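Since the structure of chain R is provided, determine the placement of chains V and C on it from the hints.
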Amino acid sequence: MSTHEDVLSSENLPHEPERATLEGKNKFMGFWFFLGGETVLFASLFGTYLALKNSFGDAEGTPSQELFGLPLVFIMTVILLTSSLTSVYGIYHMKNQAFKKMMVWFTITVLLGASFLGLEVYEFNHYVHEFHHTFTAHAFGSAFYALVGFHGAHVAFGLLWFLTLMFRNAKRGLNLYNAPKFYLVSLYWHFIDVVWVFIFTVVYLMGKVG
Amino acid sequence: MSTATVEKPGFGATLWEYLTTVDHKKIAILYLLGGGFFFLLGGLEAMLIRLQLMLPDNNLIGAQFYNEIMTMHGTTMIFLAAMPLIFAFMNAVVPLQIGARDVAFPFLNSLGFWLFLFGGILLNLSWFLGGAPDGGWTAYAPFSIWSSTHGFDFYAIGLQISGFGTLMGGINFIVTIVNMRAPGMTYMRMPLFTWTALIASVLILFAFPALTVGLFFMTFDRLFGANFFVPEMGGNEIIWEHIFWIFGHPEVYILVLPAFGVFSEVISTFSKKRLFGYSAMVFATVLIAFFGFMVWAHHMFTVGMGPIANSIFAIATMAIAVPTGIKIFNWLFTMWGGSIRFSTPMLWAAGFIPTFTIGGMTGVMVAVAAADLQYHDTYFVVAHFHYVIVGGVVFGLIAGTHYWWPLIFGKVLNEKLGKWTFWFFFIGFHLTFFIQHFLGLMGMPRRYWKFLPGQDLEVGNFISTVGALLMAVGTIILLYNIIKTSVNGERSSQDPWDGRTLEWSLPNPTPHYNFKQLPLVRGLDPLWIEKTQGNGKLIPAEPLNDIHMPNNSFLPFMISLGLFITGIGVIFRPDSNVAYIAIIAGLVIAFGSMFIRSVKDDLGYHIHKEDLEEEGAGVE
Amino acid sequence: MKGWMGRFRALFLLSGLALILTGCGNPYLSALQPKGEGADMILDLMILSIIIMLFVFLVVMAIYVFVVVKFRQKKGEEDYIPKQVEGNRILETIWTVIPIILLLILAVPTVQYTFALSDTTPESTEGEEAENTDDALWIDVTGKQFWWNFDYRDTSVQTSQDLYIPTDKRVYIKLSSGDVIHSFWVPSISGKMDVNPGKNENEMFIKAEEEGVYWGHCAEFCGPSHSLMDFRIVAVSPGEFDQWMSDMQNVDPEAEPEDSSAREGKQLFSDNSCMGCHAVGSSPAMMGPNVTNFGDRSKVAGVLDYNKENIVDWIMDPEKHKPGNSMTGNYTIPSEEDAEKIADYLMSLSPSEIGPDDAQDDDYVQPQKKEESEQEGNENNDEGNSNENNQEENNDDNTNEDEEN
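Which chain is which? The protein sequence lines are R, V and C, in order.
The letter at position 205 of the first sequence is residue 205 when you use the working numbering, and the numbering goes up by one with no holes.
The letter at position 238 of the second sequence is residue 238 when you use the working numbering, and the numbering goes up by one with no holes.
The letter at position 287 of the third sequence is residue 287 when you use the working numbering, and the numbering goes up by one with no holes.
Because the hints were derived from the structure by calculation, they are not lab data.
Wrong hints could be hidden among the right ones.
Said to hold, decoys possible - No more than 27 Å apart at the CA atoms, straight line, and that leaves these computed lysine-lysine pairs for DSSO-like:
(1) V:K8 with V:K411
(2) C:K320 with V:K531
(3) V:K419 with C:K70
(4) V:K411 with V:K25
(5) C:K320 with V:K450
(6) V:K411 with C:K75
What the hints assert, rightly or not - From chain V, some residues computed to sit far from chain R (all C-beta separations above 12 Å):
(7) A316
(8) V382
(9) G534
(10) N577
(11) G586
These numbers were taken from a predicted model, which means no experiment stands behind them.
For every residue, glycine included, the Cβ atom is placed at its ideal position computed from N, Cα and C.
Okay, chain R solo, but in the shape it has when bound (with noise of 0.2 Å):
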């Protein structure tokens, strides 16, 4: 049995930090049902969207076609995608127990999580003051700004809680306490992004198309 000291010590570390102890292991677990969990919000957010896709009542709307541009939404995807690979990166000097590396790769991870978001907002905006594309304007807009909407908050929700950890645990390295926590917050990160790649194709491509 581990006292207080071992959890936060740096030395010795195993090679999987994130699942050494029992509160580790419970974790990690957890978050996976967690993200199973997740799993069926987003579903019920996509299967929303799909049904009032391009729905406007007696309202005026521009459809999915004319209103999506392509290059914008790609270069967005490009960046989420990469993040997630800074992630494992990230995970990876974990591992190695190279925690300035890991540092480092984080910090590049929250960065491009920022400008995706930015782009995000840049995107919505446009949607906005272009096409009168609003939340409220009819249910075509509800249903997309909740599903895309939703993945954004989760995005920022992200990014806040890599913060969160990289400061807290700066100056203190890596222990059997905070791996945990950093590896479900990359973990969360991945999600994310799969996320995103539905919302890619269900919203963006399938829009374009048809």
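Just chains V and C now, with coordinates in the frame of chain R:
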């Protein structure tokens, strides 16, 4: 550290202990109190419904108030009474049954409870702040979107907050059961209550996010001008129905499966036999849960989904009858050849079997899609789901209350009063609801504020109300029993029912670390094995060692309080800008508390070996 | 399709249970005393499912009673430890397989009837020759808080609250809502169907097999007066229906009533702009119930007994009778005297001789068809059996492709 002392702490200290506790046994008591309170509230609402419907064209209560009561009865009973009471027993029993010292996430456990409580309080505040929700617990759009009071704002925000709590509880119990079983406690040695708790938790995990999304949509539509369910703006009201029932149908199994678990424990214990067909029981539980996700649209046969969809959902629904039937027969054959003691818990189990069988029968009847065109939204359906929910869940909860009361509070509830409770409640129940099958077929739709004379519905409704009064008497006796036992009941032995599972192997009261040494489990019904093949004591699986325990925390209370305040702000934002203060203040409290939780290390503490030895070593 | 299920039902009728079931409720309301094709089919299904379920229940109860009586702990046997049985594969297989078989027996007619009841294409009714070239009768039903509007398609005939249908054929209805979700339910005629707003319109057919005034309810919660959103189906014989239809088509909304009080009432009705909501004759607005044949209504506002006193009462204070209705607060409350005059006017609106009374007498009037159908001798038929046969044949004849729109 280990304070198993006799001296009584003061009231303030006790209150603080409960506000900050992360101990699953104390959280169970909190859930029991919270859920019990809302159960009584929901019961009161039920009585008002029945009194209004006692006579034709009755004007005892007005239409609007009736609709609020009818809505709140359903919402309260499902979300604020049955769910927390299920969680109460899961908390009280599951860690002990699997031989764990705690749950996987004690902090989240506490947070789950406080979220539930604040969500429930928020929802019920609607009574005092402009009116409760008034469109039925199913809250069908667009009625719920256009309802003029703040009722459905409270519904959406209140259930959202308590729903988060439930989701956390679900994840917590999955991980607890998967990761924290004692040595030798394999999956196929887990008591059936633990199994059902596990499966119900999985259902929670996959069902509640759908509700979360639905409630977000409702909130956006009502308070932020979105158009998900507004037909004129391209919205589609049927989406709500789908989302609600994708959550709502598994919810039924979330409630009833743990109740099945309780009965499996009770029947096995009081028949002095191991559960007949244990693996079939486990398999049936998993199968019911699996089917439970594929049948939601049987609540929507009249919506106009077309004959193909209706047929598919009808047949999928009928299929659920098979595993349920397996369970019924397995219970019967557990009793077969046993030595049955009809103590109060067993009496409830015995009452459950015929009652639930009737509920299952009518369940198959309403699954017949074509015939459901007559049953749907009538008192036939009201009767059916009360046979399932009361006959299954409430009977199970009351059986569990009597069965595990000695484990939770160290005292056995009065047997004589327990039997009175049962007979009043049981007879009252059948009187209330059996006749309602016929009322439905005779043309009485549900959610009717009044029925008019001249439809031959008078007799049935009157009988139903009389039955409801008997149920109320039964509940009052139960309440009296609880108070009486708490005040002057005697402390019971550690194993009053001749139990078979690990929770009965612990001393009374249960130490807050549960097991001094984790026990070695040698098979199904581990305590029974030791009783018949050993010396009646569990063999320790580890040497006596320091025990790691989590710290108490006030943060869960603060986080929930913050969300509660934010919720009120969001509801009243359209009325006044002052609401923004509440929104921001609440968010500061909630996220501030979360921030503290993130940056402050919480490593827990250790109970030292030496202290444990003082209390006498060895597994009890 | 009806064959074996019908036989099942006959068998069931012999047992005493039938008495309990079919003796239940009001003959013009209860789903257990079907007077229409849909309700009839559904009762067959109900009975089949009840028989299967009762069988299961009896088996369970037999074992249950035996176990509870036989295996109670006896005095002096407190220490007896029963054999710890793990299970029994054969038994467990039996109670898995038998329910599956029972459910399959139930599943087949379930699917059949589900498809049959949702069939709203007039041409698919299995008529051999399209002898009867009459158009199928389509009615657009609109539910609103808390009343019903019935628009007879292609005829400019509109009514509210009372739906007139002939007894000889399926009537097709399309359901849509003007506000929240309602549900159209006439238990003794057929099952219910939701009445949704927006794009989710539904269709169903209803067919009354006997004349009568049947209760209809709203079955989906729709607001404070959900329980008071009643309507009636007035099922009259085909000849009477034809007459009613032609009377309604020739209605003159401007016609002056004979009675002087009613004449003043008519003036008041237009002066107070009651007509803004309540049309006499056909109107697309449908703000409030159409009053074209108010003089023949079976109930006032769907729930009150039909008499002048109640009409006046309603005009003076509708909120008292139907909380949450849209009339309250949207008109100037007239003096009691004026209200009486308006009531006189409304009661004078009776453009057709055919009313609810004709549905309750034994008069069966044959339709006046252009082509003579074979059932000549049925004019005053009071023998239910041959009557029913004719109706069924008529129904079969009712096939036409022109009726698509």
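Hint by hint, here is what the structure shows:
no.	hint	verdict
1	V:K8 with V:K411	18 Å, holds
2	C:K320 with V:K531	70 Å, violated
3	V:K419 with C:K70	21 Å, holds
4	V:K411 with V:K25	15 Å, holds
5	C:K320 with V:K450	14 Å, holds
6	V:K411 with C:K75	25 Å, holds
7	A316	19 Å, holds
8	V382	28 Å, holds
9	G534	28 Å, holds
10	N577	19 Å, holds
11	G586	18 Å, holds
The structure fails hint 2 only (numbered hints given earlier).
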